[in-house]
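Work the whole structure out from these sequences, hints included.
For the sequence shown, position 94 matches number 97 in this note's numbering, and the numbering has no gaps at all.
Keep in mind that the hints were calculated from the coordinates and are not lab data.
Predicted model only: the values in this text are computed from it and were never measured.
Treat the hints loosely; a few may be bogus.
[Claimed, not checked] Across the chosen pairs, the derived CB separations fall in these ranges: (1) Ala-79 to Gly-58: 40 to 48 Å; (2) Val-7 to Phe-140: 32 to 40 Å; (3) Asp-126 to Gly-58: 18 to 26 Å.
For glycine and all other residues, C-beta sits at the position ideal for the given N, C-alpha and C.
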Amino acid sequence: MECVFTIALNFIGGLAAWTFVEYLIHAWLSHRFRTFATPLHQVHHDDPRRVFTIGAWMPVGASWLVGIAIWGLAPAMVFYSGMVAGFALYEFIHYRVHFRVPQNRLEAYLRERHLVHHYRAPDRCFGVTNALWDRIFASEIGNAEMRALRDDVKQTPPFAGPTNARMLFRFGGAAR
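What follows is the structure, given as structure tokens:
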């Protein structure tokens with residue numbers, strides 16, 4: 004029983020760590036400082052249909068598979084598995100934010116909050132899956148202003164048509 008508890012704790016720790024990595028990549032590496040991520044992320048801001056992290060999917064998946072093959076369920080791999088799951092959840096949520104009508108209040112909140120970042124406050128609201136790190140690092144917008152901004156973007160229709168995700172299935176081809 005202790006082993007299952009330890010595995011679960013390590014996995015949940017990885018999920019939680021991912022939320023900080025998500026904030027770090029989005030806020031600091033893509034917006035606050037000019038880094039390798041800035042121009043890649045700008046492409047997504049210019050056209051939100053473009054999946055910013057698409058280049059990370061294969062290396063993350065490959066590193067996870069190699070790690071599991073070598074180390075199995077060692078605590079560090081379980082932790083990393085939680086981070087990879089967090090990344091996958093982030094990708095799923097981010098896709099739904101841009102391409103689907105929300106199915107519940109949580110999805111509506113996350114969608115409106117992220118659209119506020121895209122269309123009203125690009126220097127704020129960096130968390131896509133949560134607002135925790137925005138609150139900690141003071142990049143969150145106050146409640147009254149946020150309600151007004153969310154109302155502004157609430158009626159923004161989801162995108163239709165293709166994304167650049169098909170790039171994953173074309174070896175050697177560039178995303179369009």
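Failing hints, ascending? 1
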